[in-house]
Amino acid sequence: GAGVSQTPSNKVTEKGKYVELRCDPISGHTALYWYRQSLGQGPEFLIYFQGTGAADDSGLPNDRFFAVRPEGSVSTLKIQRTERGDSAVYLCASKTAGNTEAFFGQGTRLTVV
Amino acid sequence: GENVEQHPSTLSVQEGDSAVIKCTYSDSASNYFPWYKQELGKRPQLIIDIRSNVGEKKDQRIAVTLNKTAKHFSLHITETQPEDSAVYFCAASKNGAGGGADGLTFGKGTHLIIQP
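Sequence lines, in order, name chains A and B.
The numbering of the first sequence is our numbering, which starts it at 1 and goes up by one.
The numbering of the second sequence is our numbering, which starts it at 1001 and goes up by one.
Treat the hints with caution; some may be incorrect.
[Said to hold, decoys possible] With a straight-line cut-off of 25 Å between C-alpha atoms, the simulated BS3-like cross-links for lysine-lysine are: (1) A:K78 <-> A:K11; (2) A:K11 <-> B:K1094; (3) A:K95 <-> B:K1042; (4) A:K95 <-> B:K1108; (5) B:K1037 <-> A:K15; (6) A:K95 <-> B:K1094; (7) B:K1058 <-> A:K95; (8) B:K1037 <-> B:K1094; (9) A:K78 <-> B:K1042; (10) B:K1108 <-> B:K1094; (11) B:K1094 <-> B:K1022; (12) A:K95 <-> B:K1037; (13) B:K1042 <-> B:K1071.
Honestly, the hints are just simulated from the structure, not real lab data.
Input sequences plus hints: build the corresponding full structure.
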């Protein structure tokens, strides 16, 4: 595709439920990042993949959050036992190795009720 | 870890005037400083970036300056237009020309309002 694609665009879930958020990066981009953006704040780094492996997961807030990228392309961010504080826009970004610009997706707005 | 402070949080300027947004960073190893523009409900989009081996970069009405000694960098927009109204984020990382593992650390954003 032409850009980074994230699905769904909006997700409403009940407290305690499990959710999966998907990111389709730009074709050929080896680096993929997940960020979380709360209202009125800048994006906050969660995790970085280089290829299939998580090169840096230091931003994941706790063990309820997990992300995978099994084939080095599509990535899924998984949140278990969701809490109201998890409500935010989850952004995905991708870039090529050696190219410093990261391209962002439109984000998934997660609302936990 | 890196900490990025951004000021002001809101900036209102008359159309045609200049706007300046300032950021400071804490990690002297950071070497890549992008600026993103985000319109309401949309994705952040890169408008300009600068690497630590350069002190200034300009692209039409937009310029960025970097002072490594003081660890601060600024965005300058001249001849502002209504379409410049948006939230602007500065960021820093150790992501150099060869790519890197570190993600971007963002400032809290500046809401730029262009008054007609």
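Hint compliance check: list the failing hint numbers for this structure, sorted ascending. Hints 2, 5 and 13 are the ones this structure does not satisfy, whereas the remaining hints hold.
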